[in-house]
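Trainee: Please construct the entire structure, taking both the sequences and the accompanying hints into account.
Protein sequences appear in the order of chains A and X.
Under our numbering, read the first sequence as residues 1 to 382, first letter to last.
Under our numbering, read the second sequence as residues 1 to 382, first letter to last.
Just so you know, not all the hints are guaranteed correct.
What the hints assert, rightly or not - List time: in silico SDA-like cross-link candidates among lysine to any residue, alpha-carbon distance up to 25 Å: (1) 225/A <-> 255/X; (2) 225/A <-> 2/X; (3) 292/X <-> 371/X.
Said to hold, decoys possible - These stretches of chain X come out as covered by chain A in the derived footprint (C-beta under 8 Å, 3 or more residues): (4) 4 to 16; (5) 194 to 207; (6) 227 to 241; (7) 349 to 359.
What the hints assert, rightly or not - Just a few of them, taken from the derived set where beta-carbon distance is under 7 Å, the chain A residues facing chain X: (8) 9; (9) 15; (10) 153; (11) 210; (12) 255.
What the hints contain is simulated information worked out from the structure, not anything from laboratory work.
Beta carbons are placed, not taken as given, at the ideal position from N, Cα and C, and that holds for glycine.
2 protein chains.
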Amino acid sequence: MNNFVFQSPTLIRFGEGEIANLAQHIPPQAKVLLTYGGGSIFQNGVYDQVKAALVGHQVGEFGDIEPNPRYPTLMKAVELIRNEGYDYLLAVGGGSVLDGTKFIAAAVCFEGTDPWQILSQDAPVKAALPLASVLTLPATGSETNGAAVVTRGEDKLSFYSDLVKPQFAVLDPTTTYSLPPRQVANGIVDAFVHVMEQYLTTGGAPVQDRFAEGVMLTLIEEGPKALAQPTSYEARANLMWAATMALNGILGVGVPQDWSTHALGHELTARFGLDHGRTLAVVLPALLRVRKDAKGAKLLQFAERVFAITEGDNEARIEAGIAAMEAFFRSLEMGTRLRDYDLDETVVDGLVGALERKGMTALGEDGGVSLEVSRAVFNAAL
Amino acid sequence: MNNFVFQSPTLIRFGEGEIANLAQHIPPQAKVLLTYGGGSIFQNGVYDQVKAALVGHQVGEFGDIEPNPRYPTLMKAVELIRNEGYDYLLAVGGGSVLDGTKFIAAAVCFEGTDPWQILSQDAPVKAALPLASVLTLPATGSETNGAAVVTRGEDKLSFYSDLVKPQFAVLDPTTTYSLPPRQVANGIVDAFVHVMEQYLTTGGAPVQDRFAEGVMLTLIEEGPKALAQPTSYEARANLMWAATMALNGILGVGVPQDWSTHALGHELTARFGLDHGRTLAVVLPALLRVRKDAKGAKLLQFAERVFAITEGDNEARIEAGIAAMEAFFRSLEMGTRLRDYDLDETVVDGLVGALERKGMTALGEDGGVSLEVSRAVFNAAL
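Mentor: Quick look at the structure:
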């Protein structure tokens, strides 16, 4: 195990009805800005619950944060906060609203000339507004970590800061009952691939491996139930908790992490607008096939422990494990090939070129994903 | 899944050499009291490492905190702190030093007449000195939770407060190389039973169950390696991390918890001085056999997932699972029967009487451990 420092200070309130208890975690004098997305919180009653819980607080609103939140949108919120003096942000929605709100929290306090430098130049985040969240979509794990992804033009970039970890997160599984099946499926795959980025590497450690396998087994067992029975509280609760644990950080302490599937996937979203979860379902099976020699030992463990594959020689078991994962994604009505999204070999040069321009020439836990390997992955995903 | 609130704010620094980095987490102006036990930290170099890391801080010391820390000892520390004005406690040692230090931190700030009321009457902890730890014994999990156990005469009582959660914990596996094998074995069983208290109940949830099984499988695989090769860094690191995760709280969110094995075990320590871990190895197999009807579904899952037992009818698989656990404990040279400690049926009345005096008449996740059930457990443990 490698040395590590880990802290997950976010308080979690989990369960039906817990939105009503959120105000106790916000300072009474705080001037709160609610941030949200396209308005589903008005249909499913979450907005009304949050407003009712915040009676007595000064509350303003900033809506219309889009999926894959965009820099110009978020900078409008920064301007609003500077003009009106909000000092606490409450993100109500899914991972995009949360990620956008994390960037807003850091950008308001940024002392350089252009907050985009936080993303483009790793400019240090020295201060951020306090923020918290009411999560309505189990997927990204953003509710208990310090990471965020923001898009500007065709650049989809991420930053990390302990200062933007939410102070608390309310997870009420009933808020997810009304999600479109497509978003639920995206979330299942997103969480699954978050686990794989931390697990399916050239390294590992037993507690971390078992926890990772536990989250994946839960997603495989409970994800389809949540889709088939949208109002099954237990299935929705288990899915929600699995997605939070998938990227809380606890799975990845002291072990190497990959994240090349995300890097390649981000290019597909930035250039062609594919849903984030769908890009991962396309890239990961191809990446594992291309990288099966470097990752062979862990692929064998994955096949056996996650998909109970014990028959055949090593080569056959590795392919059977990857194929089972791909079949799981497809069972969620998720395309796993570029052709499922009407993309063909003509897009590969552009994708590889974009990686090259960003200096992404040695991705993965061992730097083994060179531009040529990335090209091979995109070709294997056709 | 039941509703829950969970927060684990303790920062963890894990790995060889990390003691050197601890001072950055303590306020520069703090007047620090080191607390420790019988002096093993002088032999294994930990004391010197801690002192070197704290150069520049005002530092005092309070030693001789005994295993199963005793109230009169801890109150001497309270007096020292009041006289000399320490405002930060750094516990250097194992679970007993940590638990004792948690009580000291709360007792110094206690406003009632007698801090013992925190333990005897659940008097609320409204304030506590900040504390942190350098852990030298993987076992209790006290390094990231708010629980502590303190002994006075024959009373071994516990309290819980978020205010005594350590601010940080340094876990350097090399500090455990010189532990006596007996203490390592005690720690393995202690951690294993912490998991079982949260897992082997009439309830459960899939992520929590898989995490619990993961910690137990790790203890079964890595514990014997750590005993056989005391300086195997990987084995010691995996054991240390497993013990922390066993009682960090993450395994028990939203699920029922038992803790009757601990309650019965505490009586064996209080009356006969048995090591805590050994009392658990005696009580748990007997308790599971007595309670196998109520806990049957989970016992079947335990037998299959932790000990790969899939043959035989339900009754046979349940007994095989319990027997495999008992054999695991015995493989660590741990007695699992009262007779292993020269105790016979004449002690049972006294043990049950002690439970009755403390009102422990309906223990367990379902209140199913009545005094008669406790009597049956002690008899089954003869």
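Trainee: It remains to establish, for every hint, whether it holds in the given structure.
Mentor: Against the structure, the hints:
1. Proximity of residue 225/A to residue 255/X is assessed by CA-CA distance (about 20 Å); at most 25 Å being required, the pair is judged to hold.
2. With a CA separation close to 19 Å, the supplied pair residue 225/A and residue 2/X stays within the 25 Å bound.
3. Between residue 292/X and residue 371/X, the direct Cα distance comes to roughly 17 Å. Compliance with the 25 Å bound is thereby established for this hinted pair.
4. Check result for the stretch 4 to 16 of chain X against chain A: holds, 13 residues qualifying (beta carbon to beta carbon below 8 Å, three or more required).
5. Taking a C-beta to C-beta cut-off of 8 Å, the stretch 194 to 207 of chain X contributes 3 residues in contact with chain A, enough for the three needed, and the coverage statement holds.
6. For the stretch 227 to 241 of chain X, the proposed coverage by chain A is satisfied: 4 residues have a C-beta within less than 8 Å of a C-beta in that chain, meeting the threshold of three.
7. Only residues whose beta carbon comes within less than 8 Å of a beta carbon in chain A count, and the stretch 349 to 359 of chain X has 0; fewer than three means the coverage is violated.
8. Because the closest C-beta pair between residue 9/A and chain X is about 4 Å apart, less than 7 Å, the hint holds.
9. Taking 7 Å as the C-beta cut-off, the interface hint given for residue 15/A holds, the closest approach to chain X being about 3 Å.
10. Taking 7 Å as the C-beta contact cut-off toward chain X, the hint placing residue 153/A at the interface is violated, the least distance being around 38 Å.
11. Because the closest C-beta pair between residue 210/A and chain X is about 3 Å apart, less than 7 Å, the hint holds.
12. Given the 7 Å rule on beta carbons, the hint for residue 255/A is violated: about 11 Å separates it from the nearest Cβ of chain X.
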